[in-house]
Structure formats: structure tokens, C-alpha cells
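S.K.: Required output: the full structure, derived from the provided sequences and hints.
Protein chains in written order, with this note's numbering: chain A, 403 to 749; chain B, 403 to 749.
In case anyone wonders, no lab produced these hints; they're calculated from the structure.
Since the model is a prediction, treat every value here as computed from it, not as a measurement.
Treat the hints with caution; some may be incorrect.
To be verified - No farther apart than 35 Å at their CA atoms in a straight line, the calculated lysine-lysine pairs in the DSBU-like style are these:
| no. | chain 1 | residue 1 | chain 2 | residue 2 |
| --- | --- | --- | --- | --- |
| 1 | B | LYS731 | A | LYS715 |
| 2 | A | LYS508 | A | LYS721 |
| 3 | B | LYS416 | A | LYS465 |
| 4 | A | LYS449 | B | LYS465 |
| 5 | B | LYS718 | B | LYS508 |
| 6 | A | LYS465 | A | LYS438 |
| 7 | A | LYS422 | B | LYS465 |
| 8 | A | LYS540 | B | LYS449 |
| 9 | A | LYS508 | B | LYS422 |
| 10 | B | LYS508 | A | LYS718 |
| 11 | B | LYS438 | B | LYS465 |
| 12 | A | LYS465 | B | LYS715 |
| 13 | A | LYS631 | A | LYS465 |
| 14 | A | LYS508 | B | LYS715 |
| 15 | A | LYS718 | A | LYS731 |
| 16 | A | LYS540 | A | LYS715 |
| 17 | A | LYS416 | A | LYS438 |
| 18 | B | LYS540 | A | LYS419 |
| 19 | A | LYS508 | B | LYS465 |
| 20 | A | LYS540 | B | LYS438 |
| 21 | B | LYS416 | A | LYS508 |
| 22 | B | LYS508 | B | LYS449 |
| 23 | A | LYS449 | A | LYS419 |
| 24 | B | LYS672 | A | LYS465 |
| 25 | B | LYS422 | A | LYS540 |
| 26 | A | LYS631 | B | LYS672 |
| 27 | B | LYS508 | A | LYS715 |
| 28 | B | LYS715 | B | LYS672 |
| 29 | A | LYS540 | B | LYS465 |
| 30 | B | LYS672 | A | LYS416 |
Claimed, not checked - Chain A residues, not near chain B, derived (Cβ > 12 Å throughout):
| no. | residue |
| --- | --- |
| 31 | ALA415 |
| 32 | GLN553 |
| 33 | LEU616 |
| 34 | HIS730 |
| 35 | GLY744 |
| 36 | GLY745 |
Stated by the list, open to error - Here are some of the chain A residues that sit facing chain B, going by a computed Cβ distance under 7 Å:
| no. | residue |
| --- | --- |
| 37 | GLN440 |
| 38 | ASN486 |
| 39 | TYR623 |
| 40 | ASN661 |
Each residue gets a CB set at the ideal place from its N, CA and C atoms; glycine is no exception.
Protein chains: 2
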Amino acid sequence: MEEKKRVTFDDIAKYTKFSKTTISRYFNDPGSLTEKSQHIISDALEKLDYHENRVARILAMGKTEFIGVIVPEFYHRFYSEVLNQILATYETFGYKFLVFIGNNNKESERRYIRELLSYQIEGMIVLSHTLSSRELSKFPIPVVAIEREDQFVCSVNTDNESGGRQAAALLQELQCDVLIHINAPIDHCIPAYDRIRGFRDYCQSNGLPYEIILRELDRSYEVDQAILKDILGEWDRKYAHQKIGVFLANDTTANTLLNLIIRRYGYLPKEYSIIGFDNSPTSREAIIPLSTVGQQVDRLAHEAVRLLVDQIKARKQGKTLAESPPVHKIVPPILFRRGTAGGMDVI
Amino acid sequence: MEEKKRVTFDDIAKYTKFSKTTISRYFNDPGSLTEKSQHIISDALEKLDYHENRVARILAMGKTEFIGVIVPEFYHRFYSEVLNQILATYETFGYKFLVFIGNNNKESERRYIRELLSYQIEGMIVLSHTLSSRELSKFPIPVVAIEREDQFVCSVNTDNESGGRQAAALLQELQCDVLIHINAPIDHCIPAYDRIRGFRDYCQSNGLPYEIILRELDRSYEVDQAILKDILGEWDRKYAHQKIGVFLANDTTANTLLNLIIRRYGYLPKEYSIIGFDNSPTSREAIIPLSTVGQQVDRLAHEAVRLLVDQIKARKQGKTLAESPPVHKIVPPILFRRGTAGGMDVI
Chain A
403 MEEKKRVTFD
413 DIAKYTKFSK
423 TTISRYFNDP
433 GSLTEKSQHI
443 ISDALEKLDY
453 HENRVARILA
463 MGKTEFIGVI
473 VPEFYHRFYS
483 EVLNQILATY
493 ETFGYKFLVF
503 IGNNNKESER
513 RYIRELLSYQ
523 IEGMIVLSHT
533 LSSRELSKFP
543 IPVVAIERED
553 QFVCSVNTDN
563 ESGGRQAAAL
573 LQELQCDVLI
583 HINAPIDHCI
593 PAYDRIRGFR
603 DYCQSNGLPY
613 EIILRELDRS
623 YEVDQAILKD
633 ILGEWDRKYA
643 HQKIGVFLAN
653 DTTANTLLNL
663 IIRRYGYLPK
673 EYSIIGFDNS
683 PTSREAIIPL
693 STVGQQVDRL
703 AHEAVRLLVD
713 QIKARKQGKT
723 LAESPPVHKI
733 VPPILFRRGT
743 AGGMDVI
Chain B
403 MEEKKRVTFD
413 DIAKYTKFSK
423 TTISRYFNDP
433 GSLTEKSQHI
443 ISDALEKLDY
453 HENRVARILA
463 MGKTEFIGVI
473 VPEFYHRFYS
483 EVLNQILATY
493 ETFGYKFLVF
503 IGNNNKESER
513 RYIRELLSYQ
523 IEGMIVLSHT
533 LSSRELSKFP
543 IPVVAIERED
553 QFVCSVNTDN
563 ESGGRQAAAL
573 LQELQCDVLI
583 HINAPIDHCI
593 PAYDRIRGFR
603 DYCQSNGLPY
613 EIILRELDRS
623 YEVDQAILKD
633 ILGEWDRKYA
643 HQKIGVFLAN
653 DTTANTLLNL
663 IIRRYGYLPK
673 EYSIIGFDNS
683 PTSREAIIPL
693 STVGQQVDRL
703 AHEAVRLLVD
713 QIKARKQGKT
723 LAESPPVHKI
733 VPPILFRRGT
743 AGGMDVI
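M.R.: Here it is as C-alpha cells:
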């Protein structure tokens, strides 16, 4: 491409007949202008072929406004929803997101992070479980964790214990003979472990018959389906003619179980109550809308970005990361009563 | 953080006892080293607290290795799957991805792109339909479109016409009395329009009774459900006792229709055959695994990144974008016969 004379704010102001202050606001706080003004300036930038170069600014101020986001996988729609909501904060905070899906490859994740650091990104949001929070805390930029082990870094988590208790309380209210929680054998230091703890504690302190089933779930739909089919078979022997209340670790697994039951009976027998976790799109799009302990994904994402931006700003004011202990924010879950447990079954 | 002496390749080579060439390969072609060597070097970088600074390199060489990716939404899991596969090419091509979800907001998308340009990103992959390919072609970097209007930019698309024909051929083979295609009233210049054309052409040239139903679908599960419920009601009157073969524009809509039918009957009556499009996870996780015209998402993503990287390299060798006409690559679709049309119904 041929080199052109650089277009300045002056040129844009002259062309649009707006003041230079207005042009500056377009770049730094566009929401403060009317849609019409934004449109006029946007058109002018096209016409004038304006291209800002911020690379010099990166060198001068160390300000890239890039944030790295590391997501473990997309099998659970919770993760794509969190990513969706994180990306949506662009309108509010102006940060751009470099996204990576870890797929549990530690070496690859490390190399990616190191590369991002070389480009002077300003912070990271980590949802993957691959690297320890101790390792994350040693990177020279602020890190915020969402729903993962977070001892040494800031984090935003759902109140998982409350979620487990709410699920048990609903199954109690529905007068289930036995309350069952199905989960993977997850580590105690992962926030989601508190779903197990909350459920068990509620059952114990209320004297409710319960069972915790831990299996190697969450690998693929087909694997999960085979595991849940076995579990259903066990229940036929163990809990014949009893009313079974099942709370599952996430909507994806809850949907898999629901599909198996509907395939068998053609409907959801009143002997079964099913509750998922997350309120991911899967729960609303299930054959019968799934009751679920909803994570407030928009709030989790928004709080995580805000917490990170606050830390980035604090660092620029000269505070080191070591000066303040990690902040852990908690977002309450919301119970949704739908067709599979205690809700109206509207279609 | 206190300033430290910069760690060099020499320091890393001395520490690990590898040659400087090996250290250089770790950064530029890590796959050529054994996993063990990678691990030793990776650990050394931690120990030595190595932080490369590539910002100077951006200024010197204009090489950021950043690519912008613009996705329209995540309601259709096709988009999250394409993103997943694009991000996975990091291992092959080394490019990092700045991701944005457009949500059909033209002004916001423009502003985002302009900002990315100011950071010297090297190319863009666009899946959203918001900006015209003419506008995209005027940006000073290569652009590759996936499954969107692509007259003025390079693109990678599925052979949608073949997909439409394959769906019609399967419904013919299943001896349906009427072949129905449900889609949204999409623009003729969008590749997905060819699904309608391929289906219609096949029906016409084979003298098959068919109907094309175009409705404002793809907004939300609840809206789509209401629209499809109406359509099912019309069929009761119009096609009573006939065998209906339905081909839907995507797996998401096909799943919504399947759920409505199973909710009504408790099973899929032999009067209905259903085929979706995409082979997104939704098709495998449906209550009955959905037959679908599968897009080869991994190939679409890989070809798109490769095409973009080729263009980026060509530009660095001095070729301007205008010199070569846009390249349009076509990836064939693969028909999956599953429980809802012509397949084995295994659970």
C-alpha cells in the first residue's frame, strides 16, 4: 500500500464540523455522544481513511488494553457463555481480549501466556484448571480466576455451597424419598467442590436420606451418557418405587440424564426430579426445560473484568501486586424452577 | 515490580545446557523439540523469570501475529465450534486471536475493527454478517470470510448447495410424501442461501412434492419454538397421514422441532424424518441424535487461517491486496445419518 499523509484529529474535526474535544470523546468515551454523532464521525473516518497507530503508545505508556482469557473447553456451554459475557464488557471497559482454549495442555498454556506477556498484555482472566494459582500469581501482571482454584490470585466465584443447599432444599420440598448428587471426583480446592459440600451438609443437618455419586464425568456426551445409563440401572435395583431427587453438577450432565429418562418412558415420570447447575442455554433448550441452580454469568464476567481493571489501574499508580492480598468476590446463585423439578412445565 | 537485568538466550542456554539454536527453536518451532526438552526449557524460563518484549519487534517489523476474529453470536453452536477450531490453530500457525462478538451492532463492530487496526493486527477472520464485504475489503489488512457474503474478500465456505441436495436425496430415499425445507428469509448473496437453492433444485428436477417455509427464525429458543409449533399445527391440517421429510437450516432449529414432536408423542413417529445442518454438538446431544448435513468445521477454520496467513505473507513480500482477486475456497459437507432420518438409533 502507498504511504499516505497521516490523518489527524484536526482533519476529522474540520471534515465533520465537530470540535476536537468531540472527536477525542468519540475515541475515549463514545457512549457520551449521540448515535447520530457517532455515525457521522465513523463515516468521516472511513472517508478520510483514518488509521491510528497505537504501537508507539504501547512503548511509551505500557498500555495495550489487551487482556488474555484462558478457557478450558467449550463442551460445557457455561464456558462459552462466560466468554460471551466477558467479550461484551468491551463496550463498558474498552479492553480487548486475546482468547485461548487450553484443552488441559499445560505446556501449551504456559507458552501461550509467556507469549502474551511478551506483547505487554495488561492482565489475564483464567477459567482453566491447568496451572496452579501459585504459578499464575508469579506472572508479572494481575490475574483474576473464575470458578477455579484461587488461593494466590484474585477471583470471582459463585456461592457454590449455597447452590448445593438450595438444590437439596428444593428436592426436600418436593418430598423425594432419596436425594442424590452426581458429580465428578473434583479437587477440594476447586470452588465447584462446594456444591457437593453444601448438598451433603443440608441433607445431613435435615436428616434426609442422600447419596453422593462421584464418577469420571464431563469428558464427552457419549461417555457421560454411558456412565449415567449405568447409574440409572443401579437405581432400578436400589430405589425401586421410590421418589428420586437428583441434583447434577452442571446442566450438560443433567440434560444427558433427562434425555435417557425420556427415551425410556416417553415422558418424565413423577418418580424423578432433576436439577442442573449453571443456567446455561442447555437448561432452557432441553426437551423439558431443566430446573437449575443458575450462575449469574453476566455478573461473574463483569465483576471479573472490573476486578482486573481495578488491579491494572492500581499497578499503574505504583502499587505492586504483592502489597495487597488476593480479593475473592462471591456472586449468589439463583434457583430456577422449571419443568424437571418444582416448576411449571410450559411449552 | 523492581527492574531486573534482562535474561538473554545465552543465559537460558547456559542454565539448561542446551545450545542457543535449541533455545531459539523452542520459541520459533517448539514442535521440533521433544516434550522433555520443551519441559526443561519451560522450567528454566520460570526459574530465570524470562520475559521477552516483542513490542519493539512490532515497531521494527510490523509483525504482531495478532488476528482479529469477529463472530456474530453464540446462540448457534456452529459459531462457538468454529471459534474453538480457529483458536486451536495456534499450535500450527502461532497466531493469537483477538475475539469479538458483534451481536449485529454495526457501529460497535466498526469501532472495534478500527481499534484493532491501530494495534497493527495482521489480518481478520469475519463470520458476522454486519458489514459488507466491500467495506471489509477496504481495510488495509487481509480479511477472510467464513459463511458470509464474500464478493470482495477471500472466503472459505461449505458447499451449501451440495448440502441442500444431499438432504433432499436422503428424504427421497426415505420415501417421504412431501419434502419440506424450513429456513429464515436470508439474502441471496449469503452462502447459506444455497441450502435453499440446492434443496429446491433437487426436488424440482426429480419431480418431488416439496415446500419451502421461510420464517423469522434464529432469534431465540423460545421464539423459534413458538414459530415451529405453529408450523406443526399447519401440517396437521395440510399433510394429515402423510410422511413428512423436514430439512432445517441448522441443528439448533432441528433440535427445537424434534423436542416439540417428542413432547407431543413421547417418541418420534415414523411419519417424521428430520435433518439438520452443521453437525454442531447440538445434533449429537439431541434427545434422538439428529441426522445432519455436517459442515467440516475443523477444515473450515484451518483453511481460513491458512488462507489468511498466506495473504499476510504475500503482503510482506510486497504484493498489494488489490493485485490478486479474492480466493473462495469450498469445503464439501458430510451427511450424517442418525436416529432422526435414515440412521441407526443407538443409545
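S.K.: Looking back at the numbered hints, which does the structure fail to meet, lowest number first?
M.R.: 1, 13, 22, 24, 28, 30
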